[in-house]
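Undergrad: If you want the building blocks of each chain, they are given just below.
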Amino acid sequence: MNSKIETPQLKNIAFDVEKIRKDFPILSEKVHGKNLCYLDNAATTHKPKTVIDALSKYYETINSNVHRGVHTLSELATNAYEGSRETVKNFINASSEKEIIFTRGTTESINLVAQTFGRQNLNEGDEVLITGMEHHSNIVPWQMICEEKKVILKVVPINEDGELLFEEFEKLINEKTKIVSVVYISNSLGTINPVKKIIEKAHSLGVPVLLDGAQAVQHLNVDVQELDCDFFAFSGHKIYGPTGIGILYGKKEMLESMPPYQGGGDMISKVTFEKTTYNELPYKFEAGTPNIADAIGLGKAIDYIKNIGIEKIAAYEKELLDYATEKLSEIEGLRIIGRAKEKCSVISFVFEDIHPHDIGTFLDFDGVAVRTGHHCTQPVMERFNIPATTRASFAMYNTKEEVDVLANSLKKVLEVFG
Amino acid sequence: MDNELRELYQQVILDHNKSPRNFRVIEHPSHQAEGYNPLCGDRIDVFVNVKDGVIEDISFQGKGCAISKASASLMSSIVKGKPVEEAEKLFAKFKDLITGKLGENPDLEEIGKLAVLAGVKEFPARVKCASLAWHTMINAINEEKNLVTTE
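So the protein lines, in turn, are chains G and B.
The working numbering numbers the first residue of the first sequence as 9 and each following residue consecutively.
The working numbering numbers the first residue of the second sequence as 2 and each following residue consecutively.
If you are wondering where the hints come from, they were derived from the structure by calculation, not from laboratory data.
Do not take every clue at face value.
Said to hold, decoys possible - Below are the DSSO-like pairs computed for lysine-lysine, each with C-alpha atoms no more than 27 Å apart in a straight line: (1) B:K19 to G:K419; (2) B:K94 to B:K114; (3) G:K420 to B:K19; (4) B:K94 to B:K81; (5) G:K420 to B:K122; (6) B:K64 to G:K420; (7) B:K64 to G:K419; (8) G:K209 to G:K179; (9) G:K38 to B:K122; (10) G:K57 to G:K320; (11) G:K38 to G:K335; (12) G:K260 to G:K106; (13) B:K122 to G:K42; (14) G:K209 to G:K158; (15) G:K157 to G:K186; (16) G:K179 to G:K157; (17) G:K30 to G:K335; (18) G:K179 to G:K205; (19) G:K42 to G:K420; (20) G:K278 to G:K259; (21) G:K205 to G:K97.
Being a predicted model, the structure only gives us computed values, none of them experimental.
All chains, please: the whole structure from these sequences, using the hints.
TA: Set out below in structure tokens:
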């Protein structure tokens with residue numbers, strides 16, 4: 009793993025969760041009179057004050073359109089927006105800012121690739137390869153283009169522990185495969201996929217790989233050059249940044265060969281009624297006035313993470329995961345869904361006779377926010393023959409005390425339903 | 002336990018959840034339908050035997066939360082033996098009850114034991130749980146061929 013992003017002088021400072029918690033105003037909120045115990049971080053994370061302040065500061069001091077005016081505010085806004093692109097570039101170690109495209113989020117990033125690369129390269133009889141643990145956002149965009157182009161969508165199965173069957177992947181990928189699109193970390197199971205091995209195998213057959221990194225960038229160090237992925241997608245709001253902003257990274261030569269996604273302002277260099285010349289990268293893929301404020305907010309969120317250090321965050325979250333796994337395993341009748349050896353801080357679980365919705369309502373009255381349902385991964389639920397799970401997902405600001413609150417609250421649920 | 006929570010999960014509801022009434026399959030029913038709640042992935046099958054406009058027998062199967070299971074159980078026991086028309090009227094009243102449209106002091110005589118589900122009105126996210134079985138039954142009777150969803 010690459011450790012370039014860590015600020016050297018901070019390396020020896022211990023991880024101080026109480027100090028971090030103070031940076032997140034929402035964490036002092038009460039729910040039903042109880043301290044908020046927010047364990048729904050795989051759905052969305054909270055925002056530190058620096059991100060929240062950056063949004064109002066942008067609107068209060070430099071709001072204007074980017075890449076347009078020659079006036080001062082426009083220049084300042086453009087600098088801030090492009091500065092954020094550079095921050096993202098450094099964060100995932102892309103080789104150039106041209107490879108960083110601002111989107112609305114992971115979903116739009118994947119749709120962009122499906123509708124441009126997919127439309128251009130997929131022909132009848134070709135295959136697209138995904139896995140059995142994809143979020144709907146990495147299934148449906150491919151289904152749409154596959155249906156249109158009469159292309160076959162193939163799915164790599166997973167085992168009882170929620171791990172990808174790599175040997176099945178090796179069997180399914182072939183000369184008809186035109187792209188592999190795979191989730192880095194599963195949002196419902198927490199499984200960390202062996203993406204490096206997947207990419208190596210795919211590249212040995214000349215097949216490009218898209219990584220859905222929505223659950224990855226906030227938990228582990230991502231170096232797109234080291235991974236050698238062709239595309240990498242993630243969302244701002246899952247990495248302590250604002251909603252409505254996300255990233256598509258693409259290798260320059262891939263992005264250059266692809267047609268534009270949407271047409272409009274900013275993505276052109278010359279327009280006549282006869283012909284339009286498209287703008288250079290990354291603007292070719294950013295039609296219309298972009299989400300300037302939230303792009304700047306995302307940059308601030310990344311700065312915040314970098315100041316703490318992603319390795320420190322990963323180590324702390326691993327500690328939380330181990331503690332929570334141990335605590336929850338002690339609860340009678342609780343079955344954890346997703347027991348991958350390589351796992352991040354997500355625990356999905358079920359009880360034989362207690363429905364997740366009832367659990368969710370009870371926990372809420374103790375201030376505990378968890379996700380209940382299918383987590384936009386219905387095929388995963390089907391795989392395990394369950395309608396839904398309760399999912400606790402931890403972030404860097406969660407504590408062992410909060411794990412105890414969850415465990416105690418679950419015990420109360422058992423008293424009522426058990 | 003918090004009062005609102007206690008109101009929602011009354012003992013009657015917990016009992017019906019644990020031992021649901023009419024939780025079985027009717028072989029060769031005159032009507033049947035599958036209900037689906039896309040929010041939580043719950044599915045329910047409702048089987049009905051209607052003769053001369055009267056619900057002679059009704060049953061259900063499926064997986065769901067305590068609210069949806071208890072609601073299906075209560076529904077099946079209350080509509081059995083009633084004319085279809087009456088069941089439809091009951092559903093209308095029940096919908097008003099769980100969405101809080103009956104006001105502060107509603108006349109609950111007509112809906113009888115369904116009143117235990119009144120607590121749902123404080124939990125808008127759970128209205129669909131309580132109404133899934135009813136929607137499915139009505140669609141079964143109306144012979145809607147399509148899968149019922151609460152969306």
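Undergrad: For every hint, state whether the structure bears it out.
TA: Consistency of the hints with the structure:
1. B:K19 to G:K419: 18 Å, holds
2. B:K94 to B:K114: 13 Å, holds
3. G:K420 to B:K19: Within the cut-off at roughly 17 Å; holds.
4. B:K94 to B:K81: 17 Å, holds
5. G:K420 to B:K122: Holds, because 23 Å separates the two Cα atoms, which is no more than 27 Å.
6. B:K64 to G:K420: Given pair K64 (chain B), K420 (chain G) holds - Cα atoms ~22 Å apart, limit 27 Å.
7. B:K64 to G:K419: It holds: about 22 Å lies between the C-alpha atoms, which stays within 27 Å.
8. G:K209 to G:K179: It holds: about 11 Å lies between the C-alpha atoms, which stays within 27 Å.
9. G:K38 to B:K122: With Cα atoms ~22 Å apart, K38 (chain G) and K122 (chain B) stay inside 27 Å; holds.
10. G:K57 to G:K320: Holds: K57 (chain G) and K320 (chain G) sit about 20 Å apart, inside 27 Å.
11. G:K38 to G:K335: 24 Å, holds
12. G:K260 to G:K106: 7 Å, holds
13. B:K122 to G:K42: 22 Å, holds
14. G:K209 to G:K158: 25 Å, holds
15. G:K157 to G:K186: 13 Å, holds
16. G:K179 to G:K157: 23 Å, holds
17. G:K30 to G:K335: The hint holds at about 26 Å.
18. G:K179 to G:K205: 14 Å, holds
19. G:K42 to G:K420: 15 Å, holds
20. G:K278 to G:K259: Distance of about 25 Å is within 27 Å: holds.
21. G:K205 to G:K97: Holds, at roughly 23 Å.
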